[in-house]
Every structure is written in C-alpha cells, then in structure tokens.
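The sequence shown begins at 19 in the working numbering and counts up by one.
You may find that some hints are simply not true.
Straight line, CA to CA, 20 Å or less: simulated SDA-like cross-link-like pairs of lysine to any residue [what the hints assert, rightly or not]:
1) K38 x E122
2) K38 x E89
3) K67 x N95
4) K67 x V34
5) K67 x L29
Everything labelled a hint here was simulated from the structure, so no lab data went into it. Predicted model only: the values in this text are computed from it and were never measured.
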Amino acid sequence: MSDTTIDTNLLGEKIVRVLKTIYDPEIPVDIYELGLIYDVFVNEDYDVKILMTLTTPNCPVAETLPLEVEEKVKSLNDVKSAEVEITFDPPWSQDLMSEEAKLELGML
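I would like the entire structure built from these sequences, with the hints used as guidance.
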C-alpha cells in the first residue's frame with residue numbers, strides 16, 4: 019500500500035464542498051442542501067459516481083445540471099473520473115431538503 023493513498027472520506031467531504039457551490043437556477047439553495055444528491059461513491063481509484071435527482075423530470079436544467087456537477091467534481095485534483103447518474107426513484111420531494119434549505123426558503 020503506497021503512502022500516496024488519500025482518505026476517501028476526506029475526498030467525499032471535498033466533493034460535498036464542491037456540490038454546495040452548485041445551485042438550482044429556480045431555487046436559491048445549493049443542490050446538496052436541496053437534497054438532490056442521493057449518494058456519492060468513491061472507489062480506491064478515485065473514480066467518483068454521484069447518484070442524484072432533479073426537482074422534476076422536466077426540470078429546465080435536466081441537461082446542464084448533471085454536466086455541471088460532473089465537471090466541477092472532475093476539477094478536484096484527487097478525482098480521476100466523475101460520473102453522474104440521474105434517478106427519479108425515489109422522486110424528489112421537499113422532505114429531502116435540509117433544515118438550512120427550508121429556513122432559507124422560509125418554509126420553517
């Protein structure tokens with residue numbers, strides 16, 4: 019085992035920080051706090067797979083948002099590759115939003 023291995027948890031945190039810079043154009047809250055990110059997988063080769071959803075299947079950014087997520091995650095030095103998979107199972111609902119997001123949108 020080489021001493022150049024990085025902690026995948028640490029990388030996960032970096033990825034989350036990047037995800038928090040990406041916003042849904044219709045809602046002034048980042049996609050992470052909105053609950054659009056269902057899962058982030060990082061393997062030992064630093065290939066990242068992100069399972070995410072959109073607020074609606076016909077979301078105006080359905081084409082561009084996953085690409086933006088992929089590009090921004092790929093731009094991290096430690097990430098070798100990034101792949102985004104979109105799922106609508108389970109469909110997104112406001113219950114998935116963080117307290118912070120609900121507060122931001124005046125829902126609490």
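Taking the hints in turn, this is what the structure says about them:
no. : hint       : verdict
1   : K38 x E122 : 14 Å, holds
2   : K38 x E89  : 14 Å, holds
3   : K67 x N95  : 16 Å, holds
4   : K67 x V34  : 13 Å, holds
5   : K67 x L29  : 12 Å, holds
This entry satisfies every hint, going by the numbered hints stated previously.
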